[in-house]
Each structure stands twice: as structure tokens, then as C-alpha cells.
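Using the hints provided, position chains B, C and D with the ligands relative to the given structure of chain A.
Protein chains in written order, with the numbering used here: chain A, 1 to 335; chain B, 1 to 335; chain C, 1 to 211; chain D, 1 to 211.
None of these hints come from the bench; they were simulated from the model.
The C-beta atom is built at its ideal place from N, Cα and C for all residues, glycine as well.
Listed next, the in silico DSBU-like pairs over lysine-lysine satisfying Cα-Cα at most 35 angstroms (straight line):
{"no.": "1", "chain 1": "A", "residue 1": "Lys34", "chain 2": "A", "residue 2": "Lys2"}
{"no.": "2", "chain 1": "D", "residue 1": "Lys94", "chain 2": "B", "residue 2": "Lys34"}
{"no.": "3", "chain 1": "A", "residue 1": "Lys2", "chain 2": "C", "residue 2": "Lys186"}
{"no.": "4", "chain 1": "B", "residue 1": "Lys251", "chain 2": "A", "residue 2": "Lys28"}
{"no.": "5", "chain 1": "C", "residue 1": "Lys184", "chain 2": "B", "residue 2": "Lys2"}
{"no.": "6", "chain 1": "A", "residue 1": "Lys34", "chain 2": "C", "residue 2": "Lys68"}
{"no.": "7", "chain 1": "B", "residue 1": "Lys251", "chain 2": "D", "residue 2": "Lys176"}
{"no.": "8", "chain 1": "C", "residue 1": "Lys94", "chain 2": "A", "residue 2": "Lys34"}
{"no.": "9", "chain 1": "D", "residue 1": "Lys68", "chain 2": "B", "residue 2": "Lys28"}
{"no.": "10", "chain 1": "C", "residue 1": "Lys68", "chain 2": "C", "residue 2": "Lys99"}
{"no.": "11", "chain 1": "B", "residue 1": "Lys251", "chain 2": "D", "residue 2": "Lys186"}
{"no.": "12", "chain 1": "A", "residue 1": "Lys251", "chain 2": "B", "residue 2": "Lys28"}
{"no.": "13", "chain 1": "A", "residue 1": "Lys318", "chain 2": "B", "residue 2": "Lys34"}
{"no.": "14", "chain 1": "D", "residue 1": "Lys48", "chain 2": "B", "residue 2": "Lys34"}
{"no.": "15", "chain 1": "B", "residue 1": "Lys2", "chain 2": "D", "residue 2": "Lys184"}
{"no.": "16", "chain 1": "D", "residue 1": "Lys186", "chain 2": "B", "residue 2": "Lys2"}
{"no.": "17", "chain 1": "C", "residue 1": "Lys184", "chain 2": "A", "residue 2": "Lys251"}
{"no.": "18", "chain 1": "C", "residue 1": "Lys186", "chain 2": "C", "residue 2": "Lys171"}
{"no.": "19", "chain 1": "C", "residue 1": "Lys48", "chain 2": "A", "residue 2": "Lys34"}
Stretches of chain C that chain A covers, calculated by requiring three or more beta carbons in the stretch to come under 8 angstroms of a beta carbon on chain A:
{"no.": "20", "stretch": "30-41"}
{"no.": "21", "stretch": "177-183"}
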Amino acid sequence: MKKLINDPFEFVDETIEGVLLAHPEHLKRCGGSKRALMRADGPVEGKVAIVTGGGSGHIPVFLGYVGPGLCDAVSIGNVFSSPSPDDMLAATKAAHGGAGVLHLYGNYSGDKMNFGMAAEMAEMDDIEVATVLATDDVSSAPVEEIDRRRAVAGLFFAYKIAGARAEEGAGLAEVVEAAEQAAFATRSMGVALTPCTIPAAGAPTFEIGEGEMEIGMGIHGEAGVRRGEIVPVDDVVDELLGHVLADMPFKAGDEVAVLVNSLGATPPEEVYIMYRRVTAVLGEAGIAIHRSFIGEYATSLEMAGASVSLLRLDADLKRLLDAQAYSPFLPRLGA
Amino acid sequence: MKKLINDPFEFVDETIEGVLLAHPEHLKRCGGSKRALMRADGPVEGKVAIVTGGGSGHIPVFLGYVGPGLCDAVSIGNVFSSPSPDDMLAATKAAHGGAGVLHLYGNYSGDKMNFGMAAEMAEMDDIEVATVLATDDVSSAPVEEIDRRRAVAGLFFAYKIAGARAEEGAGLAEVVEAAEQAAFATRSMGVALTPCTIPAAGAPTFEIGEGEMEIGMGIHGEAGVRRGEIVPVDDVVDELLGHVLADMPFKAGDEVAVLVNSLGATPPEEVYIMYRRVTAVLGEAGIAIHRSFIGEYATSLEMAGASVSLLRLDADLKRLLDAQAYSPFLPRLGA
Amino acid sequence: MDTLSSADLIAFLTMLTEEMPGHSDRLRELDAQFGDGDLGITIAIGMKAIRDALPELEAEEPGVILAKAGMAFNREAASTFGAIFATALMSAGKQVRGKPEIALGDLPGMIEAAASGVSARGGAKPGEKTILDVLLPMAAELQAQVAGGAALADGAAATHRACGEALEATKSMEAKHGRGGWFKEKSIGIQDPGSTAICLMMDCFARFVAG
Amino acid sequence: MDTLSSADLIAFLTMLTEEMPGHSDRLRELDAQFGDGDLGITIAIGMKAIRDALPELEAEEPGVILAKAGMAFNREAASTFGAIFATALMSAGKQVRGKPEIALGDLPGMIEAAASGVSARGGAKPGEKTILDVLLPMAAELQAQVAGGAALADGAAATHRACGEALEATKSMEAKHGRGGWFKEKSIGIQDPGSTAICLMMDCFARFVAG
Ligand SMILES: Nc1ncnc2c1ncn2[C@@H]1O[C@H](COP(=O)(O)OP(=O)(O)O)[C@@H](O)[C@H]1O
Ligand SMILES: Nc1ncnc2c1ncn2[C@@H]1O[C@H](COP(=O)(O)OP(=O)(O)O)[C@@H](O)[C@H]1O
Ligand SMILES: [Mg+2]
Ligand SMILES: [Mg+2]
Ligand SMILES: [Mg+2]
Ligand SMILES: [Mg+2]
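The following block holds chain A by itself, in its conformation from the complex:
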């Protein structure tokens, strides 16, 4: 195990400590909670609060998406495991600015059950809570069962859009609507080249043979659509986009935002080479690119691999996507 860590069971808490030491002007704890963080300037009175959360090991997902124009608070689980309802509740209460709370996170059963409990508890405290789940990974279930799809890097678009809508002063129902639109209009598919190792486990979760890749694998090693020999990356992009484009489907004349995400161990150079191919394929399909994001938007410990996400835009989504937002974990967002 090639990791720069101390006690693997302290991995998450020490990461959080490092993050808070690095960004005190940006993030603070939700009260005494060890596993819930929020905007340093929160709660923002009168604004709908967006609370997210999930397992650790994916920075900037999830805590890197807290900030102006993004989420208000985050609850943080063990590596690849849901946060506890207690921490979700702490985040929900601390971020609540009197205008209701949106629980916005990825469609994973542990997160759903635990956020569900937290929402029940918050409602007992008279906090109005709504829930929207990201389900962007087209490889995880057929489109007819979109509710079974898991979330991968495309979750970023849901944060960006919902965050901007909340920042505009919209009410909870409107923020929910924007989040749902973004979540529905986002489709992703990834490829994995190497496994990741949960620090406390000490051994890789799965294996991928030398020279092999898995198309559609999830960011925790969930089964993809096919495993095979590594091929030139242009062919990989064609395959990923083949699935993604057919899914909505995206059509000539559509305008989209593109996200090419590295799982972390794949170097930046390679995601730019992927983006080069994405522009060619979309260009040929008559689909216009309004804005692109290339880099690490959802990592998975030391996994190598990447994903391509498309968000189909309309005028509203475009305005919200282009709005300013800030997190020290991301390149500058917005115009």
C-alpha cells in the first residue's frame, strides 16, 4: 500500500483537520461535530441551504463543494461509507438559514437511508427538508430505471446549478426544481484503469489486469459495462460518448456543458487529450459546447481513470452554470 498516511483509522479525521487548517476563512465545523463542515460565513439568513455529504476518499467531492454559489454544509463519512444521520442532522441544523434545506447528494443506498433518517429528525425540529439525488452514471442501470443509477462526477453540475439558484434567492421549491433539472440533464460514463485501496483495508478493493480497463466502472469499483484491453484514448472517448449521447438522447442543435474528470491518478495531460476528442465527436454530432470543465472534480483515492459528463443546457441552466461560485478546491468557477 503506497500511501502517505498515519493511522488508517484516523485518515478521515486528519484530512478534515488539514482542510480546516488550510482554509479557515472558507470552512468551519458545524458546532462541535467532527464530521460536519459548513461555509465559514454561514448560515446565510434567508437563503435556502444546500446540504450534501457522502463517503470520504473523493476530494473535491464532497467537502470541496461547499462555498458561495455551491453547497452550504457537508457531512463526511468514513472512506466510501455514508456519513451518520447525526452528522447530517448537525449539518442541516447549522446551515439552515430559515428558508429550508435541500439535501443534495449521490444516489447510494447508505447515503439515502442515513439522509432519510436525518431528514425525519430535522423535520421534528421544524426544518423543511427536500431531497434531490444525482443519478448521472448511465452505465449503472438502463434509462427506464434511472432511479437506480448511481452518481459519479456529474454531481458537480447539480451542485453548481442548485447552488446558483439558491444564491439568487429562490425558494426551496425553486431550488429543488433547478437541482432536479440539472440532475436529470446530466449524463456521465467513466473508465477505470487501476483499483483503489481503502486505507483501513490495506489491499486494493478489486483488480484490473495489466493492460486492461473497465468501461463504466463506478468510482468505488462498482461493475461497469465491459472489461477489455486498453485501446487508444480516442476510441475510449468514442465508446463513453456513444453511451452518453444515446442515453438522453443528445441531439444536433443541443447546447451542453462538458466535464472531463480525472479519478486522480490519471495525469491532467490525459484528460486534456480526452477533451480534444470530445470536441471532435460533439462537433460532428452538431452539439455545441457552451462551457467545459477539465481536471479533478471527483477522485477516488489512487484510482486511475476518467469520466465524461454532459449537461444539456437551456437558458436557465446556462445562466446558473455561468454564475460566480467559489471553493478553494476548484479552479475559478463562473464568468
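Just chains B, C and D with the ligands now, with coordinates in the frame of chain A:
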């Protein structure tokens, strides 16, 4: 070789194409040159131009450091190899805004010889050229031979400081002075866990045993100060900082900027865990942290490892460090 | 031992929290085959959380001890299994609210309550390769043991056997829930990790009540 | 063959650019032992650049062909070796400026000029494990061959042998320049990659002039 690439000999050119497609509002080619890029809004008339460059495989080094408040142009070599004097000359001529050019890059012999030729040629075109080299890696030579030291991630500080000084409207001699101060006041040391593979080579450049690390290894696999068993990361940080602090030396009462850099394959979580320890060690030494940068500032293909850099600040360096700067490859810089 | 007092329950939970982390690697490996490999870690962290909570639970009645142990588990080791397991313990505990001791006769109702709590929380039905597929056979066997007038130790032993058979049967099922659900037919042939954990706990319980 | 015309030189460079990429892996491996492993790739890319440049050089005199070949190499494969090699070729070419043919008698002066150009560019002195450590012995041997009245083919063959011995001698040297300089005593025992490349080129030249 687990890479998402096409023809390895097209790796660099395809990366550049992807970058230009992604950031047309930010970067453009220097005339017809395939391997020289510049600020899209350049040349900036009346401003000292900063030109950098070096081998590929290190994004955001080098092309990610072009932008307002940073460098004006960059020449791009093959993976781990110097750019050609022709491209350096193209970058120098294109970026020149009439106020002279600073060649600011890392102390590697190939770059030095080729930039040397380019500077001679530029001077024949009546462009005033000065040169400052970054030599931050304390593991690469004893301090008495600081001119033999190579550059690692601490090069970032030289860009940030010199870039801000040029943006303030300072003359070439003043920009050189700021760059020299930053370069001299920066000391770094890294640790490597896994090798990198040059795409065209197809096999790792070096080997590090399972369970082993090399303290002080350079970002191309250059020899470090010792190889040994991987220990808890707090101990790794103590060892790195031991070398760094003793080198200037840094003293109680000093104020510094900190950079904890991931070589790419090391996950963000781990550099935050490192930063946590850095704050403890500096706190104990009575050294104050003015500002910190944590993440990927100089990568090396799929290498795992990290480095710690300190920049000793005075009032001038602080002002220049805090000034606004922008590149889409970096989190927001400056206040 | 015919019934479990609060002290007995705490002694059992102490034994459980000592034994279960020893199965971490096995559970991690099972979970890694059609999931994300975290279950072993979840069990290790969650059991430690229960142990840390026990000193404060000594004065409570058995039902409350169970419920609070479940909450402690999921507080530190939240996850799909954490939420499901906490729900199971809370539902079972609620079933014996007010009782100072738990007898064999209480167990069928407790496990049935756990099963319906789990089903309500996670939406699983029998045959979908979840802990329901061991809980329901356990409840049925307990029912039969109570009807047959068995002693606690014998009833627990028989229930452990039934649980083992039910666990074996999960091998042929296709996972529909949690991360396993995305592995579809690839999940067939491997026994359910969550049910394996339940069975290991049942084994511990049977040995505990046997003395 | 007694002298090299432009056509001969182009024929030689064509042969060189065909052969040298075959040594890529060996050079990469040597360079990786106390450097960054790029030399094999540098040679492959640089030789291709020379070959691509040759058609436009046919009308030039030998000295200009050499100089432009060096510049072409370093344009596409800039690097420490690229800069050094381009400097060597430019210096050697300058030495025979205006001459339509290169004779054995020209070679000592050309290699001496190459060596001093390289030394001026990179600051290396003899014994520091750089291509100087083969260039200088080659120049000395060529001098001796010219003094002895050797034919071109024999002189070249003898110079290749001298180069091989000098290359062997680089093994015991400690690198002081380029990336190798940071490996210090770890560089001892391994022959200099850049000098290896020069020797392979000299081998090619000896075979070329032998017919
Ligand atoms: N809906 C559900 N109802 C009951 N048990 C479930 C459900 N989903 C998953 N499980 C159980 O949880 C186990 C997996 O737990 P865990 O590893 O925490 O979940 P995840 O799949 O989210 O990583 C499964 O083996 C299964 O027994
Ligand atoms: N200053 C120098 N003078 C002459 N030759 C040199 C010098 N520095 C390096 N070399 C030669 O260049 C070779 C290494 O080239 P290359 O791999 O391109 O350089 P780098 O070390 O920058 O990667 C060495 O083996 C040596 O023969
Ligand atoms: Mg999990
Ligand atoms: Mg090199
Ligand atoms: Mg799991
Ligand atoms: Mg080299």
C-alpha cells in the same frame, strides 16, 4: 503501461490541442508555433514579459502558469525534455511588450542551454532578456552549491512573485530582483512513492520497491537523499521539513508561505494530512504561516509522492504573493 | 441461562464486540467481490463504537441497550449496513420495551420486528440477497423452537444452524440493493456479506447463551 | 571512398537516421539508470527530424548540411543532449565551411571544434562523464591516423575502436553534468549514455566509409 493516450509520440501535441480547445479565452499560440503558447490578451504593451518553459508531463507546470499575474508565454518540450530554442524564441518575441523579457524557469541543463541559445537569438533582435532560475530542491546539492540545485514545485512561488511584480508595472531589473528574491527564499523537498512512465518509453523510468519511498527524489526520478521503508506520513513530513528548515535556515519569528504539492497520483486527502503536520511543526518552531497552497502545483505523470515548499516572506514578497492572479489550471490565487 | 438480563446483554455485546473485528478481512473480501469492500471496516469501527457506548448503558433495560447500541454503531460506522443494522436493533429493542429480561419467547417477535423495520427502511423483499434473507428464516426457526418448548441455548443453536443454511441460500440470489445491486448476475455465487455478518453474530450469541 | 561529398554525407546521414532509432531502448535504459530515461526518445525523435530535413539539404555543401542537421535535431528533440549535439554538429560544420568535400585530414579539426563548442556550451571538462570524454580521444586518434597517412576507412575504423575504449573509460567516471550530476557516486559503473550514442554513430560512420 496504464495510460489514456493515443500515439505516445503525439502525446505533447495532443495535450496542447486539448488545452487550447478548453481555454481559448485564456491561451493562444505564439504565431504559428506548435510548441509555444501565450496569454490570449498578450502581448501586454509596456509590461515586462515573463517567458517560461520546460519538458512536458508536469501540468500545471509549465503551461498552467501563463495568465494575468503569472507568466506571459511558455515553450513546451517533449516529455521531460527541454523545449527547442526556436520555440523559446517564438515565445520570447510574441510575448515581448517592449519592456524586456524575463526567462524564468527551472535549473535543468537542457533548459539552460536551449534558453541560452534563445536569449542570444532574441538579443540579436534587440529584445532585452534577463534570466532567473529556480533552484528550490534542497536535496539536489548542498547549499554552498545552490547553483547546482534543480527546481521542483517551489517554482510556483517564483512565478507568483515575479508575475505580480511585472503586473505592477515594474521594470525588467525590478522584476528580476523580485524573481531572484523569491527563488532564493524558496526551499523544497519531496518524497516519491512510485515511478512515472514516459509515454514514448512505455516502461517506468525507475523502480521503487513495494513498501519503499525515496526522500528527496526529483520529479523526473533524480536521486534523492535516502531510500527506505514507507513510514507514517507525520514522520515523512518531519524529515522533509528537517532538511528544509535547516537549509536557509528558517528561524522562529519568520513568516512563510507553504506549498504542499502532490505529484499527481497521491490523493488530495493525503496532502491535506501532510499540511496538518506542517502546521504543527512550524508552530512548534515559532514560524508563522501567512498563506498556504495545497494540491497539484507540479505533477509528474502518474508518479505518487509529494513535496513541501516554504517561501520566507518579507513585506514586499507578501504583497506580491497576495496579489490577484489567474489561471484556469489553479484554484483562485490572491485575496 | 434461560433469560437475558441487562447485565447478560452487556456481557454478550462485550463478547460480540471483541469477536467481530476478527472477521473484518473476510467481510471486506466478500464485500469487495460485488461491492466496495468497506463492510469489514464498517463492522470493525461499528463494534468499537458499541463497546465504547456500553459503560453508559449498564443502567438501562435490555430493549434500550439494544436500540442505543444500534445507534452507536451507525453513528461511527454509518453506511448501508450501518443504517440497516441500527434499524434492526432499534426495532428489536422497541419490541421488548419495558421488559427487564429477554426470554426465548421474546426472540421471534424481536427478529420479526427487526425484519420489518429493515424492509421498511431499505425497501428490500425476500430473495434479494440482503440480511432479510437470514432474518426471516431465523424468525421462523425461533417460532418453531418456542412452539416446541426448547431451552434458550438449544433454541439459539438451532437458529444459528437455520441462519447458516439461509446464508448458504443467499449464494444463488442476485443482489438488488446497495452497491451489490449494480453487479447484477456477477453477484450470483457469492454469499451475501451483510448476511454473513449477521450469521457470525448469531454464532456468537448461540455460544454465549450456551455458557 | 577517400572523401565525403554532399551526396555522400546525405547518404551517411540517411543510414544513421535509419539505424540509430534501433538503439532507443538501450539508450533509454542507460539514461534511466542515472537520469530521466529520455535519451532514447530524444535520439529517435531527433534522427527522424534529421531525416525529414535531408531532402532540402541536398544542394548544400557538407559543412552546412552538418550544421542544419544539428539544428533540425534540436528543434524537434531539444534536451541537454539535443543542445550539445547540435552545438557539436554546428561547430564541426563551421570548421569545413566552403569546402565541397570532407577528407580524413579535415576530421581531427572538426571533432576538436565540436569538443570545444560543446565545452563552451555546457561547461564540461574532461573526466566528467560527458560526450567530451569520447570526442577528445576520437580527435587524438584521428590526428594520429592522419599523421600516419591512413586511408579514410582505416582511420575511421581506428577512431571507432578508440571511441569504444574511451566509452568504456566513462564507466569509472562520476557524472557532473545534466541530470546525471545529481546521481553522483550512483553514476559510477555505468557507461555514459550520451557517449554511448556518439559511439554508435561513429560505428555507423566507420561502416559507411568502409563501403
Ligand atoms: N436494502 C437493504 N436491506 C437490507 N439489507 C441491505 C440492503 N442493502 C444492503 N443490505 C445489506 O448490506 C450489505 C452491504 O453493506 P455495505 O457494504 O455497508 O453497503 P454498501 O453496499 O453501501 O457499501 C449487503 O451485503 C446486504 O446484506
Ligand atoms: N554539459 C555537458 N556537456 C557535454 N555533454 C553533456 C553535458 N551534460 C550532459 N551531457 C551528455 O548528455 C547526456 C544526457 O542527455 P539527456 O538525457 O538529454 O539530458 P538530461 O540529463 O537533461 O535528461 C549525458 O549522458 C552526457 O553524455
Ligand atoms: Mg460502502
Ligand atoms: Mg531529459
Ligand atoms: Mg460495501
Ligand atoms: Mg536524460
